[in-house]
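All chains, full assembly: derive it from the sequences and hints.
This is what each chain is made of:
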Amino acid sequence: MIRLFGESVQKVFNGREVFNNISFDIHTPSCLGIIGKNGSGKSTLIKIIAGLLQVTKGKILYEIDGKILSPDKLFKRIGFLSPYLHLYDEFTGIENLIIFDEIRNQKKEKEFYLDLLKKVELYDRRNDLFRTYSSGMKQRLKIAFALSNEPDVLLFDEPTSNLDDTGIELIHSIMKQHKERGILVIASNDKSDYYLFDEIINLNK
Amino acid sequence: MIKESFFILKKDYKSELRNRYSFNSLLLFVIITITILLFSIGLEDISLDIHAGLFWIIVFFAATNGLSRTFVSEEERGTTLVLKLISESGTIFLGKLLFNLCLMVLLSLFVFILYLFFMNGFLIKNYFLFFVTIIFGSIGLSSASTIIAAIISKASNKGTLYPILSFPILLPLLIILIGLTKSSMIGKSIINELNQFLLIISYSGILITVSFLLFDFIWKD
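Protein sequences appear in the order of chains B and U.
Counting from 1, one number per residue, gives the positions in the first sequence under our numbering.
Counting from 206, one number per residue, gives the positions in the second sequence under our numbering.
Calculated directly from the structure, the hints in this document are not laboratory data.
Keep in mind that the hints are not guaranteed to be accurate.
Here chain B is said to cover these stretches of chain U; the calculated rule only asks that three of the stretch's residues, wherever they fall, bring their Cβ under 8 Å from a Cβ of chain B [said to hold, decoys possible]:
id, region
1, 218 to 224
2, 289 to 295
No farther apart than 35 Å at their CA atoms in a straight line, the calculated lysine-lysine pairs in the DSBU-like style are these [what the hints assert, rightly or not]:
id, chain 1, residue 1, chain 2, residue 2
3, B, K107, B, K176
4, B, K119, B, K57
5, U, K215, B, K119
6, B, K107, U, K393
7, B, K76, U, K215
8, B, K138, B, K107
9, U, K387, B, K108
10, U, K387, B, K110
11, B, K107, U, K330
12, B, K67, U, K425
13, U, K208, B, K108
14, B, K118, U, K208
Only a predicted model underlies this, so the values are computations on that prediction, with no experimental measurement involved.
No residue lacks a Cβ here, since even glycine has one placed at the ideal position from N, Cα and C.
Now the structure itself:
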């Protein structure tokens, strides 16, 4: 069982307090929603949960079967999706996925990546360079990237951005499936995502 | 960690083949500098000291152009985040260090070949000493350049910062390398120069150790 908890988290950027005294405690299977107006710190908080930013005060920890997960090993356990995530323009869709898993030392059979690309409906464009993808296709490949290491924790920042109706359906089915077995954290202002939330952090308060 | 860092090296190599971020600028810089030197020196005989000095000046400034791109290109393309999501900071640093080392060795050999063909009076009498100097010089230069590249990638004025930071750090190494190159041109034995190589090993060892300790703070926002 995985537990994700935060205690009195505060983040200050250049002397400006983004948020303060944020606490939460969730464990598998569940979904944590982060809501708030633009600039309220949703992306900052999800980056902190992903270990990409440091907290100013407080702490955020992952616990697996009662043992604290070292922050250095966190990257093997999480899948991250956000609009400001950029993959390599000079590599094809499938190359991007394989290269990332090689660096993570989690490379799988080629069939795995082909299935993943079929799932996000990019199979036919798998050998095209990432730079030739439309913004919606880029978002789909980023979804595949988030899923490629078969993570226990999925962290999605504005998951439906740039997606068409079928893409939104796809991401919702992925989120629903993941919520059944792992931890899902969604930072979103899209009300259609709210039904997934078991707990909510409202940064407007 | 070592296996993963080789995959970062592989990724950078593949990326370099397609984008030619560093390679083209290095190549162009070396060719232009040697052409200018050829025109300015002509057929005049210049001393061994000047030959050795010019050789490492070209390598140093070419490295300034090329090696600084390692982290800057990731920062400019916005791919730093994805690297943070797939690897530990130490692995990334080691991967980038290995890439810079390979680039440095290739660069030094390329400068050597051009220099040998076009520069009058550049004759190496002890090739073994010269090539060992190139290998150790590349290790020293890449170990300093990689951490400096990481620091400047986070700065706003990236272009000017690299030579400013790297010059005082690389100066002692360059002085040793110039001396060793001169010794290889005279034909001195490598046994006579062991102290110099020990100095380079200590220099690189200290730099790499400090870099590993420092990199985590630079890499994490």
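So which of those numbered hints doesn't the model satisfy? 4, 6, 9, 10 and 11
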